[in-house]
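Engineer: Below, each chain spelled out in residue letters.
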Amino acid sequence: MKEKKKLICNRCRVELKAQKTYFEYLGHSFHADIPRCPECGEVYIPEDLAKGRIAEVEMQLEDK
Amino acid sequence: MKEKEIIRNTYSVCPVCLKRLPARHVRVGSSVYMQKDCPEHGEFSTIIWRGYVDMSDWIGSVQEMGDEGNPNCPNDCGLCSYHAQDTCCTLLEVTDRCNLNCRFCFADNKGSPDPTLEQIRLWLNKLARPGETLVQLSGGEPTVRDDLPQIVAAAKEAGCKYVQLNSNGIRLAQNKEYLEQLAQAGLSFVFMQFDGTEEEIYQRLRGRRLLEIKQRAIENCADYNIGVTLVPTLVPGVNTHNIGDILRFALSRSPVVRGVHFQPVSYFGRTPGLPEDDMRFTIDELLINIKEQAGDLIKLENIIPSRCNHPLCGFHSNFVVMPDGPVPLSHRERAGEGCCGPTTAKQNRAFISRRWQRQIQNQDGGSCYCSKEPDINSMEYFLQRVKTHGFTVTAMAFQDAGNIDLERLRRCSLHVFDKDRFVPFCSYYLSRWQYQ
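As given, the protein sequences belong to chains L and F, one line each in that order.
In this text, residue positions in the first sequence follow this note's numbering: the first is 1462, and each later residue adds one.
In this text, residue positions in the second sequence follow this note's numbering: the first is 17, and each later residue adds one.
Treat the hints with care, since some could be wrong.
Stated by the list, open to error - Derived DSSO-like pairs: lysine-lysine, alpha-carbon spacing no greater than 27 Å straight-line:
id	chain 1	residue 1	chain 2	residue 2
1	F	K435	F	K362
2	L	K1478	L	K1512
3	F	K142	F	K172
4	F	K362	L	K1512
5	F	K177	L	K1512
6	F	K18	F	K35
Just so you know, these hints were derived from the structure itself, not from any lab.
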């Protein structure tokens, strides 16, 4: 099994933790658990999430 | 006296001889009429908009067709270099026969013998773009054919991505074994004639009681996981009062019912008489009736003018059905935002197929939220729910010899395949009016 890499905040040098994070798109608000820096709040959106679930949400809302 | 104003110029045909004629949209008070003059048969005027919604605003930036276009349009019609839209759905008639004898029918039985399965297979191989085509098996009533499952299988073998059945639902209600064979052959979804929630409506439009049969057909389709879109033909004075109840019925049957596709009556094929203006039901009249009869469920701001076809041809709206009602996903003011530009036939096909085909939970390996509280704001739940419980309210206003507008026809994406040609639906079924 692939070992999960630790993600470190570049600014605060602390480990990111998965936290409920809100997104807004075309007037709809969604939440998902996303790695976030507990100190500065910066979030990291992994490529697979951006190209996967988030792209899917966009497609469903753009509806065409 | 009401003020008259020409607001748009286009082309149409004479309803008597079908000769191509210049035509104009004339605003009289708040209503808009299509007017045209045939040198031989005189002047014709048909209502096309009643002014409940601003027509110019609804049409948006779509340009007038001007003098361009095929001078022979719509005679000898097949897709030509002037046609402005690709094929979204391809309709193929597989029989002329029907097990009903309706007052209104665009196809009108001509009594021709059925094409053979082999002939249909050849047509399917010609019309299919593998991995893309959405074919609508139509008629007549396709389910009068015992070999319809083989036709569905042949469509899949030809590479059709989606196979839609246009049906009155009678055989689907009465013969589950037949429905199972259709499902196993790869049927994607059913477009089911559904004119209302009252038997009186069927009695008047179809000549017999059909509501229980429709309900059973829906239940049977649920058993085989086949999505059903309800298709009411809206006739003033017959079922236009029932629009809200049709929507409520459809929503109560989600997820097997995937949406409602309204078709305001048009006068081609078999109709009981020539239409006066009060026999027409315009798109804006439909919109105002949705607002008045089902405004608690569906708001006009969620309904978007057609972008794949001409805006005057119809609309679409997109919802996800939650336990306490539909949540709108489409918003007119936001339509066109995001990364997509104008809607292509391909995009439209992807959208309607995604919505009309029933998808079972976790088909794509997504997370299961069955045991958790429904939370539409959760990205995972939303993505799952929109697949399983997506719902559309759409409309298409077919054109007849009285109101055909060649500007609209040029943007048609529903094409009938016949004699190796793709023909826009409304020119294929265009029939001249016979004056008594």
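Engineer: Each hint should be assessed against the structure and marked as holding or not.
Structural biologist: Hint check results:
Distance hint between K435(F) and K362(F) is fulfilled; the C-alpha atoms sit about 24 Å from each other, no more than 27 Å. For a cut-off of 27 Å, the pair hint linking K1478(L) to K1512(L) stands: about 21 Å separates their Cα positions. Distance check on the hinted pair: K142(F) and K172(F) sit about 13 Å apart at the alpha-carbon level, within 27 Å; holds. Simply put, K362(F) and K1512(L) have alpha-carbon atoms about 21 Å apart, close enough for the 27 Å limit, and the pair holds.
Of the supplied pair hints, the one linking K177(F) and K1512(L) holds, its CA atoms being roughly 24 Å apart against a limit of 27 Å. Between K18(F) and K35(F) the CA atoms are separated by roughly 30 Å; this puts the pair beyond 27 Å, and the hint is violated.
Hint 6 from the earlier list is the only one contradicted by this structure; the remaining hints agree with it.
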